[in-house]
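Engineer: Chains as they are written, first to last, in our numbering: chain Y, 42 to 353; chain E, 42 to 353; chain R, 42 to 353; chain U, 42 to 353; chain G, 42 to 353.
What the hints contain is simulated information worked out from the structure, not anything from laboratory work. There's no promise every hint is true.
Note: identical chains are not told apart, hence a pair may lie in one copy or across any two.
List of simulated lysine to any residue pairs, SDA-like, C-alpha gap at most 25 Å [unchecked claim]:
no.: 1; residue 1: Lys125; residue 2: Leu66
no.: 2; residue 1: Lys125; residue 2: His166
no.: 3; residue 1: Lys125; residue 2: Asp229
no.: 4; residue 1: Lys125; residue 2: Pro194
no.: 5; residue 1: Lys125; residue 2: His159
no.: 6; residue 1: Lys125; residue 2: Gly241
no.: 7; residue 1: Lys125; residue 2: Leu345
no.: 8; residue 1: Lys125; residue 2: His158
no.: 9; residue 1: Lys125; residue 2: Arg180
no.: 10; residue 1: Lys125; residue 2: Tyr178
no.: 11; residue 1: Lys125; residue 2: Ile56
no.: 12; residue 1: Lys125; residue 2: Leu62
no.: 13; residue 1: Lys125; residue 2: Pro344
no.: 14; residue 1: Lys125; residue 2: Ala189
no.: 15; residue 1: Lys125; residue 2: Glu339
no.: 16; residue 1: Lys125; residue 2: Ala209
no.: 17; residue 1: Lys125; residue 2: Tyr350
no.: 18; residue 1: Lys125; residue 2: Ala314
no.: 19; residue 1: Lys125; residue 2: Arg253
no.: 20; residue 1: Lys125; residue 2: Glu237
no.: 21; residue 1: Lys125; residue 2: Gly71
no.: 22; residue 1: Lys125; residue 2: Asp183
no.: 23; residue 1: Lys125; residue 2: Asn114
None of the values given here were measured: they were computed from a predicted structure.
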Amino acid sequence: MILRPRPTAWQLLYILRGTVLLLVLPKVLGISLLSCLAVLSIRMDWLHLPSSTAVPMSLLGLALSIFLGFRNNASYDRWWEARKHWGALIIELRSLARDAVALLDDGADPGTPVRGHHDARRLVHRGIAFAHALAGYLRGYDEGDNLARYLAPDELARVRASINPPDALLREMAQEFATLRRTGRLTDITWQTLNERVGGLSAVLAACERIRFTPLPFAYTVLLHRTAYLFCLLLPFGLAELLGWMAPVLAAALAYTFFGLDALGDELENPFAHVPNGLPLRALARTAERGLLEALGEPLPEPLLPQSYLLM
Amino acid sequence: MILRPRPTAWQLLYILRGTVLLLVLPKVLGISLLSCLAVLSIRMDWLHLPSSTAVPMSLLGLALSIFLGFRNNASYDRWWEARKHWGALIIELRSLARDAVALLDDGADPGTPVRGHHDARRLVHRGIAFAHALAGYLRGYDEGDNLARYLAPDELARVRASINPPDALLREMAQEFATLRRTGRLTDITWQTLNERVGGLSAVLAACERIRFTPLPFAYTVLLHRTAYLFCLLLPFGLAELLGWMAPVLAAALAYTFFGLDALGDELENPFAHVPNGLPLRALARTAERGLLEALGEPLPEPLLPQSYLLM
Amino acid sequence: MILRPRPTAWQLLYILRGTVLLLVLPKVLGISLLSCLAVLSIRMDWLHLPSSTAVPMSLLGLALSIFLGFRNNASYDRWWEARKHWGALIIELRSLARDAVALLDDGADPGTPVRGHHDARRLVHRGIAFAHALAGYLRGYDEGDNLARYLAPDELARVRASINPPDALLREMAQEFATLRRTGRLTDITWQTLNERVGGLSAVLAACERIRFTPLPFAYTVLLHRTAYLFCLLLPFGLAELLGWMAPVLAAALAYTFFGLDALGDELENPFAHVPNGLPLRALARTAERGLLEALGEPLPEPLLPQSYLLM
Amino acid sequence: MILRPRPTAWQLLYILRGTVLLLVLPKVLGISLLSCLAVLSIRMDWLHLPSSTAVPMSLLGLALSIFLGFRNNASYDRWWEARKHWGALIIELRSLARDAVALLDDGADPGTPVRGHHDARRLVHRGIAFAHALAGYLRGYDEGDNLARYLAPDELARVRASINPPDALLREMAQEFATLRRTGRLTDITWQTLNERVGGLSAVLAACERIRFTPLPFAYTVLLHRTAYLFCLLLPFGLAELLGWMAPVLAAALAYTFFGLDALGDELENPFAHVPNGLPLRALARTAERGLLEALGEPLPEPLLPQSYLLM
Amino acid sequence: MILRPRPTAWQLLYILRGTVLLLVLPKVLGISLLSCLAVLSIRMDWLHLPSSTAVPMSLLGLALSIFLGFRNNASYDRWWEARKHWGALIIELRSLARDAVALLDDGADPGTPVRGHHDARRLVHRGIAFAHALAGYLRGYDEGDNLARYLAPDELARVRASINPPDALLREMAQEFATLRRTGRLTDITWQTLNERVGGLSAVLAACERIRFTPLPFAYTVLLHRTAYLFCLLLPFGLAELLGWMAPVLAAALAYTFFGLDALGDELENPFAHVPNGLPLRALARTAERGLLEALGEPLPEPLLPQSYLLM
């Protein structure tokens, strides 16, 4: 995620990082060059074009704008929905930690005041591990180091052997809550309260999997790509006769807008990708980690800060 | 569902699988041919057309774009909502398995440590059967083999005799939970927790039925089809005088865009159909199956992988 | 609801049932005729019209398209929301039946194994009656026959005397659940579970009442109707000079699209009306009925099937 | 709220009540007059205008249509959301009444069969008072009479002294439920069930306060008003040269559409205002009142009916 | 937030406060000046421009309108969603206060009638502190004074030392509820009820953090800014030849609309910023404070009122 102050008009000229400019520049230049050729061909009388293509071209362009608008809306909705699920992750983890500490770590356990603290600590650490495991799972990274810091070796081994490490962690949580209930450390109601947090994390996991592994329908994407190419390739021939040497300028402006929107939709479609406009999963996992460690009263790692405006 | 890397500009030229190109090609060629005829007729002086039809045509085209945009949005929403319900299915099944194993299979059942394991196993297997039964029910397939692997023969018979096999499975689940509660194996609260999962699966089932059996209003679809045909059939006559021999090119581009969007809307409208852009119900059911078997510690079947980019 | 295969291009020419064609045909013909008159008047020199009305006309038409688009979206949302509530009805009824049978009809009631079955049966029958009563209430029909089949005579009398029969049925349900709880047949938690179903049905009822009795704001509808008429009546004069004898064709195409969208919005606005594009309340109630009777193991009535593609 | 049959084409000409026609007529006439002046000035050679303003004007008009479309959507969403909250109010009140009667008024209270009835009655009456108090609070009316009919004098005094009467009523409810629980008349679970209704009413209250006291962002409204004025004031000069004496007609049609949409957005923005297109809060409160009194078996007041199509 | 009556046509001319006029005026004047230069250059024959740029310009402008429309919709949704979360805050706090007072402050605590009142008071005061702490956290202010009034000194110290003061307050709440439950003052169910309020506040906090710290994707914003600049800078050259000295007027009107929408989107994107169109967090926190103090029967501070129409 790019975090920087609103760029000034001047900066808009040259900012590249996190924008789609570099991605679309070759295409824009190509269209502009094609326009020059078209104008030249007309001036040289190599080519005869009807002068009134502007209206049908603008009809095609308009249809394209409307469809690109809807599709970008859909891509942005995926991006924002993904962020909401990571927000829900933070809600669930904080609630888990808050309730686990309040219910178990009360210094009131008869005879063994330390046991409660240990139990709460293990539960909260497992929650932190879940956040890291989810980030790694969605990005295809191995978050082994972060897991090793918070899990016991045998649990770590079980989790890493799973086909779905975050889901394996949820099963470990549920097992532990069931054991605490069976041994009378949790009543039915307090067990239910804590177990609902596991259900909430499970919902976050499945929602993120849905966004990660189900792209927009292929036919939709291809149809829009094809229409965008069709439009931009016809553009030089539509504008050359009308505009003369202003055609390359306007064709470039239009190609930039349409290819830019198209590229942007591609980038937002997968919000978990490790790209500049992707969601900063590591920073979010670190935020959760710090909050949970504070709840335990343990020392906090540094927050992750943007590096040259980029937060990953 | 088509799963393949973003196609390059070059691939866009020839990719057919999973796109609507083949569906709309005959219509596009027809419109293009009609344009040629119209241009020819004008050149041959067989036909006299006003030269200023472009503006009213573009008004009709614009109205059509806007309405197609809204309708495609509605179709895509159905598709994505369907995917969300299958995500919810996975959430509910995993939670069911997690809680059933944690609550029942604890090796702590006095005297009969094995009984708990058997109970949990039967409950989880029934959950897997539900996923397969739902996929079969929505696609009109018989998933008998997959059911037989996870259900006892008498239960299988009851389920297959039902007018709604997934719903019959839910009743079996509810019966078993009620029995476990009555025999004291579940308390009221743990019964409530597990029974809520059955409620969640019931919600998924009814939502999928809604999407499957309630198409978009017929009048809506027909109105758009008719307007699209009207527009595309008038197009050659609107463009011929203006554009001359460029008319067939632009008419084809416009017809491709509009018929393409229209066909795409049709394809996304029923996300459970067994078509390239449909949801990969079998692969999703397999994903659920693998997760649930892992929760039981049983051997996993292979995941379903895309066959030449196509996942069913 | 119209249920038929996607019409072919050929069928689009003549399908009438369930489309809005008949509704808008008189208006379309009127506009077309007016166009002929306008062209004739110009040719006869009776009328002098500026030739450049196309641009302002297209501005008015575009504004109209956008607003019609938004309004049709709102109408469709009402229609789809209504269908969702009927989906929720089916979820709640099935869950009610599933839980009532599982919790009460267990053959384990000490001494009176039959009582449990009778209680469950009465509860489930009342649920079926609710579905029929709701359909009748929303459509203004008397569903007395369907109610009489499932309710005891005194209850039937109370329900029919009520100002809101479905709501009266919910009160009967709540009374019975409270009695079962008081007599110890339900514990607090199982009572809560069943009573939540009554709450869910109450939510469905109130949501359907909202959609049924609160139309879109009158001023919104009137403004759009007026703009549509204004536009279509000005159209002949805007196109006559430009297009000559092609004006009636294009005016008819435009009038068909705009009046058609307008009429479609009217039809979808009240999804419970007994019209071809309305929701098939009776068929949905029958679906619920069949599922609930199967849960009781009782004989099923036939499902309602579309009659010449029309399902009511 | 205006409730009347769909107006015929003929009625559209003269219906005023509940439409925004009267509001925008002066502006429309002004624009039309300005157009006449512009045409006259051109004919008289007092003014020279470029003839090709139509395209830039239509660009401005289109941008305006799109933004008005989005804003009207936002206003309508507020209106419909407000209606949904009043629907939720009815759900919560009916459920409160249903459960209060079923749980308390059972004639089974040992020794004092009457006490249960009195308790249920007081609870239900307080619910009715809540509906009236909310309507009064949102409209700035004093609903003292309606409150006095359903509240004891001391409670009425406390409620009317509060800064937020509906909220004060909710506190009274919560107090009474807590007392019933403390005295053993409600168990923890039945208390929880009834208390959740109070939470639901609290959610309705806060949501209505949000819609009532937070208008759309002022800058948004002003920008659209200014653009609408700009557009409509430039219109006569843009159309005069092109259209001659047809300019006043088209300018009026466009001004009617744009000012009308703008005025409509204003009217829907505050759905609780006491205007023709506002929500019929009194009628809704009366509907709730009648349903609750029926649940108690008490005599019902008449429903509020539309007066010359207008329901308040 | 600006709260003032709908401005009259006259006031629209000069109102500045809370509108984006001042922000965009320099740009609008710049574009207008550039137009004058372009017209002058043409008149002086310094520059030759094609006269038919209007159609491609309007295509670019239309694409821009559509994308700006979608983006403003997204910004407005963030703004309204933020307001909804503050509405949820008020719901949760009122419910917390209502239930805490009803359950604890009953004068029925055997022997120590005062203790219940003190407990309820401390819980409610902590709720008020949460509202102030959240406002301060989201706006980057120190709300120390408001916290000190409602928190004990040691708690205040802990909260202010936290990396996330509102979250620290939630942990204090959870601790206190757990203690009340452990000492038997709350049963499992009443504990659950009150603890769910803490969960609700946690959800509000995380949702506000999401909106506050995750801007719209940078690439989206930059693409729109660049397209808006491109369009407005090309505008003078597109209009000069066509419109002559009317070009500066129309260019200014268009630049005002597009730059205005763009600036408005920026302003609504961060609804917690301390700007005129931001949400009035302090006033909302004060509203919550007054309601909660009334629930305790304590004296109320004055409500915050708009200062020259501006409520912060």
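Engineer: What hint numbers does the structure not satisfy?
Structural biologist: When the structure is compared with the hints, numbers 1, 3, 4, 5, 8, 11, 12, 14, 15, 21 turn out to be violated.
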